Amino acid sequence: MEILKQFGVDWPHFIAQLILFLIVYFVLNRFAFAPLLKVLEERRKRIEEGQLNAEKIKKQLAEAELRYQEILRKANDDAQVMIEELRKTNEAFSQREMEKAVKESAAIVERARHEITSERNRMVDEVRREMVSLVVKTTAQVAGKVLSPEDQKRLSEEASKELAS
Amino acid sequence: MVFSPLPIASAELSAETPEFLTHSFLAWFTNSILVTAIVLGVIMWIVRSCTRKIEVIPGAGQNFLEAVVEGFYGAVEGILGDKMTRKSFGLLGTLFIFILISNWFGLLPGVGSIGWHEGDKFIPLLRPGTADMNMTIAMATVSMVLWFYWTMQVTGPVAFIKELFGVKGGMSGPILFLLVPLFLFVGVLEVVSILVRPVSLSLRLYGNIFAGENMLATMINIGQIFHFPNWLSSVLSCIVPIPFYFLELLIGFLQAMVFTLLILVYLQLSTAHEEH
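First to last, the sequence lines map onto chains A and B.
Mapping of the first sequence onto this note's numbering: residues 1 to 165, in sequence order.
Mapping of the second sequence onto this note's numbering: residues 1001 to 1276, in sequence order.
In case anyone wonders, no lab produced these hints; they're calculated from the structure.
Bear in mind that the values here come from a model prediction, so they are computed numbers and not experimental data.
The calculated EDC-like cross-link candidates involving lysine to aspartate or glutamate, where the alpha carbons are at most 16 Å apart (straight line), are:
no.	chain 1	residue 1	chain 2	residue 2
1	B	Lys1168	B	Glu1190
2	A	Lys38	B	Glu1070
3	A	Lys38	B	Asp1082
4	A	Lys38	B	Glu1055
5	A	Lys45	B	Glu1055
6	A	Lys137	A	Asp151
7	A	Lys137	A	Glu158
8	B	Lys1083	A	Glu41
9	A	Lys45	B	Glu1070
If the Cβ cut is set under 10 Å, some of the chain A residues that face chain B in the computed set are:
no.	residue
10	Gln17
11	Leu18
12	Leu20
13	Leu36
Beta carbons: idealized from backbone N, C-alpha and C, even for Gly.
Next comes chain B alone, as it looks inside the complex (with noise of 0.2 Å):
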């Protein structure tokens, strides 16, 4: 195991399973996955740490929670009304504290830096699950799946499918007709804006985050890049990264944010003729 002395994963956009994993039946095996896999053992103990003891007078742990459920849960209410938080606010909510933690365990001294090399490839032993297109497709699958169950289930298939192609605008007579070709025109672009959804929102997280470690990685390595002898080097690699840091802090929370408020808003367009 080496640290790294190059930016991570340049040459490759994929996670990485070890060579030794390759062929067994733990192929599936990357160090994404691991990493997901400890983020989801850091939010269980989370959960289990605040949730041990629930009380009406709260606990410190339980507080802060209750703090974060609370707000979030009011500003997703603000959007969707009472009936489709209730629904939906488990989703939205998993996808923001999901994300986000999963995008700030990036940051970490080690993720992305430490690993192997296997041949002239290097493979991080820890690469953050948002860094993985393979996790970004997965949360916008069963978020649209979560979407479209929830919009039938709440607008039903007519309504939903007028909502599409039907004429908006309350025409009638004459120009009715004139505007139906027009308006199944509209309605095919909004089934391909809705189809391309899940890869938009799969793209954009996994490309900030990627981007992101990827330039932390740079910023480390600047020295070396520039061929600064090494002391300078060494100086460079504490000094230049701290801004980028905070800057990748903020994209961290950002992206997080992104993602739930658009799968929130898709909700919130198809669903809130029903809801008022």
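Next up, chain A with everything else stripped away, as it sits in the complex (with noise of 0.2 Å):
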């Protein structure tokens, strides 16, 4: 005790600084150590959940790439179906509308050549009275008198026969 009595130890002092440091104790171990430790196990979780969480997410993207390749490789057999159907469909479809065209085209010429005829005939009657009514006039005028209706309507039945044939 006497050579702790040398060093100036004596228990006022000795209290005082072990008080001073149980202070410094709680409040490092209070305020910073505790709250600190408890933000690292905190963040230490949140990175260990990360990398779980990557992980999954990096499954989940190649499970989703590969339905993706085989939704677009059926999506292609599909369409190619479909092209095929439309392509048979279409080429049926323009037979059947070629036909139609050529038997509506026939029926044009038919009709078109039938007009032809009639309105031949109905012209060719046309002249024929004009030249019925010419060889009257022209009859009259040559004999210097006027006719009669029998005369004009002989006159007219013989030049008829006579165009007629």
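From the two separate chains plus the hints, produce the assembled complex.
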């Protein structure tokens, strides 16, 4: 104890320093270490969770990629089938349309031919009537007399016969 | 108040209480207690400014403190294991940080060299806490009390006594009876070594820091000691202490490390069997 006194150690000073050290211990433990260790633990957990999530997402992405490829492949196949069907339908439709158009054009040609014939007949009749009238008028002028209706009728019939033959 | 012309406290080993306080209720208040209180204030300020708003994504202050705590925690965990580290990290961290700041505080200009004379005696205004044996004994006492408490908690008294006095090496048969007295004697030695631990811990730290302080003061006053002219003494007082300041910085760090590591090793020795 005497040696401690020589080094200046005594109870009041020892207790004062002890209390100060315990305060430092309390302050650091309560306000620095505990919250910091808590936040470090929390961060460690978050990083661990993040890594797990990243793994999960990577797996899901790979699955989604596979699914996407599958869907794309199926869509391609379906599209090919549809295109083929459409092509076949189109060909059949074109054939039918072609036949219909040919028929229609034939009918149009027939109708046109018929109209041309009837028009020609009508024109021939008209020319004939004009010719008869011309013959009657010319005859009256050559004869120098006024023709009676009976003469006109007879001349017309004769001229008609002549023109018809 | 004067600037000390002599090596500080070279004649006295104790921390000093100013005369006007000696007989008052503030008799316990010494220059080293003042410095300890200042160090406590500095620690509280650092802790407060670094952990005012603790977030998962840290700011610069929190980041710094986290790096210190995380690094130290990892080192302690590597030696003590998870269970004991949870219990003892607060003490070990406090010891390291407090001793380090106290030691380095003593290197600040004016600490130990500014004070007043009371008769022939020079009393420095500030004196590092770790250069006062009351402080080092207080730290050693707290550490050893907690060491004993945690050891009892983890191993239990029976296992502790068995570890101290029991025959090691898995001996059996008649040789066991021959070895019992030997191991009892070894146990007694072990108990003595445990009892001496607080003394060795406190003396080592106190001796290093106190000697360092005196050495720096001597280096500062080296010109006057050898009666050089005043101008040369002034030049020498600026140049000579520089390498010793670096040495003291290193010693301050090493002593903080040594004190903390010794407590760590004591804990590891007494609890390692249970942890594994």
